[in-house]
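**Q** These are the residues of each chain, in order.
2 protein chains.
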Amino acid sequence: MCENHDALSQAYLNYRAELIEAGLLIPSGVDGVYGRGGLFEDIIQRFEALVTQAGAPFKPEVMRFPPIVSRQTYLKTDHIENMPDLMGSVHSFCGNEREQRKMVEKAHAGEGEWVEALSATDVMLVPAACYPLYPAATGRLSKEGRLVDLKTFVFRHEPSVDPARMQSFRQREYVRLGNPQQALSHRNEWLERAEKIHRSLGLDVQVVAANDPFFGRAGKMMKASQLEQELKFEIVVPICSEEKPTAITSCNYHLDHFGLAFDITTAEGEPAHTACIGFGLERIALALFKTHGLNPQAWPASVKKELEL
Amino acid sequence: MCENHDALSQAYLNYRAELIEAGLLIPSGVDGVYGRGGLFEDIIQRFEALVTQAGAPFKPEVMRFPPIVSRQTYLKTDHIENMPDLMGSVHSFCGNEREQRKMVEKAHAGEGEWVEALSATDVMLVPAACYPLYPAATGRLSKEGRLVDLKTFVFRHEPSVDPARMQSFRQREYVRLGNPQQALSHRNEWLERAEKIHRSLGLDVQVVAANDPFFGRAGKMMKASQLEQELKFEIVVPICSEEKPTAITSCNYHLDHFGLAFDITTAEGEPAHTACIGFGLERIALALFKTHGLNPQAWPASVKKELEL
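In order, the protein sequences belong to chains A and B.
Just so we're on the same page, the numbering used here is the position in the first sequence counted from 1, plus 1388.
Just so we're on the same page, the numbering used here is the position in the second sequence counted from 1, plus 1388.
To be clear, the hints were calculated from the coordinates, so they are not data collected in a lab.
Among the clues, some could well be false.
Chain copies aren't distinguished; within one or between two, either way the pair holds.
Claimed, not checked - BS3-like mimics (lysine-lysine), calculated; alpha carbons at most 25 Å apart, straight line:
| # | residue 1 | residue 2 |
| --- | --- | --- |
| 1 | Lys-1490 | Lys-1608 |
| 2 | Lys-1611 | Lys-1490 |
| 3 | Lys-1494 | Lys-1539 |
| 4 | Lys-1608 | Lys-1620 |
| 5 | Lys-1692 | Lys-1490 |
| 6 | Lys-1608 | Lys-1494 |
| 7 | Lys-1494 | Lys-1464 |
Computed from a predicted structure; not experimentally measured.
Looking at chain A on its own, in the form it has when it is part of the complex:
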């Protein structure tokens, strides 16, 4: 059931062209980097309202992190082991005026080596919305644990013609920190809740066991183990391809990975377990536009009602 790769690329390019023509996405000259038009943003805001509503009974703490995170925090997450090819490290110019003149000359001559004048700063781009939370949660949890509502622009260095594979996009997450039971329940309950939200919007979603895109040969074992332990589930829906549906929401159980790395413990002093649900806001909007058409006023009445359109 494999599609021809060129046919798929063509489907991506066609949908991207439609989105750009409609003013929903604004091209930047770099694959995977787009501005969002007002209507695209509006749909995201309306979808987010549903997420907020679904989370309200559980009284989450709201935190909003910027798109950058401490380099020290980044290095504690194992991202450099697992997905180094996706990372974004932030570098700046710390030299003197003579060095700057040289750098500018090179840049104007079109020499990419101008960047050799730069130094690494103390920050990285955020790879996943929950990373900045963990160092802020270091310490002992109460018996109830914590539930946190997050949203951040995340970065993934994977330029692609697929409009759903952006280099910079927003994840809206609910993260649970607590004992294993609390974390696992969160993951399982939100998977169901999220499936319901997506179905209420007319998206023909499927829930599938999944794995992260671990790097290299060692990564193959990580992928297999993650699948086998059923640590990651994705909610997928066809956007440009029936055969290769797109993950629009992801539910992860991290075991005690972050608890150990950031010294977060349960009330009993055990390493905390964590789990998250992450809504890929841009992908959800893209799925809605693909499924129901580019004009929200013409979407099915039930979908319009859910989104208060």
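Chain B: place on chain A using the hints.
**A** Just chain B, lined up with the frame of chain A:
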């Protein structure tokens, strides 16, 4: 009337500690990089509603860009000449598994040189909310020109203990593209409108001619020229210091700088002139909390009414 620098630093540190204690800011371990608590975010959203309302009669096009921008676009803006020390260049790992193992070893050994394994990507962090717009506006404007509503996380590499000097923060902007008269009117009218909004929130603001933090000795001339030509005005208010009030909103007339750089022309074929008003959302929230106290429920009735608190 100069304050002692140490006294000012102490005032910054004290206010920062208060904000963190109240859960309004969440420290990250890096100066100038903070998470925002739910209440802090809520105040920003309420303030933004006032900005949206003030802009509505002029029917702006809404565009939302991610926090990264094409490197090519960045290099067309003269930022590398004018403020290279503030830039953020995004680098990633593009090597093989052997190179990755070496990099990880160095990182775990605490050797900062692990970053030597990284390469520059096609993107930079956005230095100002309006930069990503200009390449998307290349071409000939209509007689009416354009008015665009923007919001983006911008990056400035200037670690500071001043909670109002963040490395990553949001600018909400209205950008006007058109002929000189259209651009200048936009700048002047919004300066008045913004002053009114800030005053309605009980902020004792002042409007002052200002200059950008141009780099180096050549930058001194740029600063003087910008001041003399009255191209930049800031709306300032005391946050941690009466003597050194903080710019919370900025109004800039760019002349034909971006029109020339990005080949944007008026209906008559002349280089377009541009102007913008930029609201520094985090600084405005910080000014409100400083002026009225950390509990919005106890803010003056008139301010609560404006913000629908």
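**Q** Against this structure, judge whether each hint is valid.
**A** Consistency of the hints with the structure:
Proximity of Lys-1490 and Lys-1608 under a CA criterion of 25 Å is satisfied inter-copy only: 19 Å between copies versus 44 Å inside one chain copy. Proximity of Lys-1611 and Lys-1490 under a CA criterion of 25 Å is satisfied inter-copy only: 22 Å between copies versus 46 Å inside one chain copy. Proximity of Lys-1494 and Lys-1539 under a CA criterion of 25 Å is satisfied in neither setting, with 38 Å inside one chain copy and 32 Å between copies. In this homomeric assembly, Lys-1608 and Lys-1620 come within 25 Å of each other (Cα to Cα) only inside a single copy, at 15 Å, whereas the closest approach across copies is 55 Å.
When the C-alpha separation of Lys-1692 and Lys-1490 is checked against a cutoff of 25 Å, the pair qualifies neither within a copy, at 57 Å, nor between copies, at 53 Å. In the homo-oligomer, the alpha carbons of Lys-1608 and Lys-1494 lie at most 25 Å apart only across protomers (23 Å), although the nearest pairing inside one protomer, at 41 Å, exceeds that limit. For a Cα distance limit of 25 Å, the shortest separation of Lys-1494 from Lys-1464 across copies, 14 Å, qualifies, whereas the shortest one inside one copy, 36 Å, does not.
Checked against the numbered hints above, the structure violates hints 3, 5; every other hint is satisfied.
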